[in-house]
Amino acid sequence: MLAFIVSRLLQSLAVMLAVSFLCFTLFNFVGDPVNNMVGQEASPAERAEMRRELGLEDSVVVQFARFLGNAMTGNFGKSYRLARPVADLIVERMPATLELVAVAALLALAMGIPLGVLTALRRDSIDSGAIMTFSLAGVAMPTFVIGILLIYVFSVECKSWAPGLGLPSDWCFPSFGRGETVKLGWWNTGLLTASGLKAIVLPAFTLSLFQMTLVLRLVRSQMLEVLRTDYIKFARARGLTDRAVHFRHALKNTLLPVITVIGIQIGGLIAFSIITETVFQWPGMGQLFIQSVQFADIPVMAAYLVMVSFIFVAINFFVDLLYAAIDPRLRLDRARLGTAGG
Amino acid sequence: MLVARLAALAAAALCVVSVAHAKTLRWASQGDALTLDPHSQNEGPTTAMNQHIYDPLISRDPKLAKVPNLALSWKPIAPDTWEFKLRPDVKFSDGTPLTADDVVFSYQRAQAPTSDFRAYISSVKEVKAVDPLTVHIVTNGPNPILPDYTTSIMIMSRAWAEKHNVTKPQSFKDKEETYAVRNAMGTGPYTVKQRDPDVRTVLSKSPTYWGAKQFPDYPDELVYTPVKEPATRVAALISGQVDFVLDAPLQDIARIRQTAGLKTEETAQVRSIFLGLDMGSAELKYSDVKGKNPFADKRVRQAMYQAIDINAIKAKVMRNFSAPAGLVTSPGVHGHTAALDQRLKYDVAAAKKLMAEAGYPNGFSVTLDCPNDRYNNDEQICQAVTGMLAQIGIKVDLQARSKTLHFPKLQKKDTSFFLLGWGVPTLDSHYVFTFLYQTNEAAKKVGGWNFTGYSNAKMDELTSAMLREVDQAKRDRMIADAWALAVADMPYLPLHHQLIVWSMSDKVTIPIFANDSPNFKYAKIK
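Those protein sequences? They're chains A and B, same order as listed. Convert by adding 293 to the 1-based position in the first sequence; the result is the number in this note's numbering. Convert by adding 12 to the 1-based position in the second sequence; the result is the number in this note's numbering.
Careful: at least some of the hints might be erroneous.
Unchecked claim - Chain A stretches covered by chain B per the calculated footprint, using a threshold of three residues with CB under 8 Å from any CB of chain B: (1) 334-342; (2) 369-376; (3) 440-447.
It is worth saying that the hints were derived from the structure and are not from the lab. Quick reminder that beta carbons are idealized off the backbone N, C-alpha and C, glycines included.
Modelling step: build the complete structure from the supplied sequences, incorporating the hints.
In structure tokens form, the structure reads like this:
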């Protein structure tokens, strides 16, 4: 087990280095931040001087080495756009994104798994058909369309139809922002205030829709497969209740591949959060990243990409460990191999 | 009896409560201020925010006329010296009085190597405090329009800056951020209550503001939230989450006007959009014509000018929110006249004839560089131009890029044909001539945005002369001559002046400013 962990750690490190180096080669093509940093009266000589001082004239390898060297000491540089240390910016924005991603992942699981089980157990009924069709919409519609649509229905037009349904006039969801937040140490949470909870509903739903349909279809196909296996047949033959068969035995076995996929998809959620955050003006890391791309704010872009690759790599690492821990077959194999190897 | 008394008490309490209700104006726009340091970044959203906290010597009213702010009066006392008499009894929001020494400090700070206003006031040699209420600004040579430049330099308190170690604007080389990035203290109508960059900024009424009598009714609190996505911004306004949106997309203005409870204000902006042609190179970099430069021939330039149907662009692309132009600068800029701003007639037949005369009856191909996120509908304008130029045989290869890529390309002079917009913060024609028309000479720091290769000795001479000419009548004649030359030589093809539209709830009243910088001390909210 130790050898496994160490080898995975080294692999993760290699992946991160490779990703960061690739990103640095791309930064040559993002444009000139100096132009965005100075007013239009600055002379060409002054701009060239600034580029030199920022180190933008150096080669990619030199810039990368300098970045790595600074990163070792925890210094990610200062944002060109906001004139603040990048580490501070990321720490400030991280809670917003992580909360959004956590709520979205929970929503995806909370709705995807039951619906997947439902459509697997009652595969040819009408509601199954309806749910599957709806899930197609979730996969086919781009995130920003879903987001704008939700804002339109629940925020803009809400005042027209909410009173008709007997709902109070301030029931409508906000069209942007995070609502009031409460600071717990360095973590800024929006989940402890009424306005914060209201504000997270639409963005989390938008973000989770794609994952939800993925989970739904995955659980459905896995469940259908598991229900055909021998041990389920024997359990039914033995006379176990439907509930015991479906939920104690079938579901547990169904969830294994689902966990792996969800783990990988959490990384995807963080990536897709860029669009959701832009649509809902959610003050998270995704929005910070988009703004830095438009400004050619290289320190922020570099730090963000390194951090995202770290998150992906870390999640995959834990998913692998979790998988090995959950699946008894894997554990047994390893034990057997272990004893065999001496 | 008791009931009546209780009822009276309750009524009185209610009255107190309703009177004490703060008037809060919530507004949104696309981009937040980058910093609260008034000398650090010379860009739109930043100065728009900081003008609520800090004051300059002279500011602009909604019609963009100069009005006394911290300076009550000003006059030239020597060809190279202007005297400013300061307003008495002005206090910073921490209670300390404003003196001439603070003005001296602020101008020195604005000239520091890390200030983005350094180039802007490069003509200022020295600032002297003659007595606590009088300041002399000495310039390098006569500068008749110095007061126009003072409208952008905000006055900070020397004591506050020294106390918080911010006597110089932030340098990008500093590892930490300076105190002035997120904190501010000035003589303006508001103080900073909360500052969360890119999230939310709350300004509250300053109790020590000198203009409280002149502006008795302005909002007690301003809550600014940037909303990047245009659709979300409009949704926020329509759903009532914000009261004022600075920059709703033009295609949504009709919808906003039709919504009950919302209204819009519009005005011509001091920003003109035009096409630039590389007429100086021997051969165009991005064209299929070899051995000669078609743009060097005025007939080709004029043919292109006359082939563009700007009224069609106005109606279809700009949704009627533009003012067709004959000059590359707009009404409101000193030196602009309606007579000069007349366009050449849209005439495709005449254009084709000119092309044939110039020796290009079958046209040629050229690449057009265009930004796609800087000006109103910039990319769509270029697409329309592409179609129109095809009618006279010019095959345009349109390359639309983000401004972060577009401007560096232009600055490297790596373009043959480009779209550009130009605003004039000083509201004087000299600003346009020195950046766009003077021969591009890096050493002399002139012609910095002239990527056309246009070089006319007479134009250079007029531009340098108008900078120093103190006789108003003589200067105006120079400006008129320079514009006539600019129109005749035609290195740029003018398109239109932008129109800005502010959208707001009916509860808000604010006169619209042509420099797109709302100053909410002129606003009222019900």
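Results of checking the hints against the structure:
no.: 1; hint: 334-342; in the structure: holds (count 7)
no.: 2; hint: 369-376; in the structure: holds (count 5)
no.: 3; hint: 440-447; in the structure: holds (count 3)
Consistency note: the structure conflicts with none of the earlier hints.
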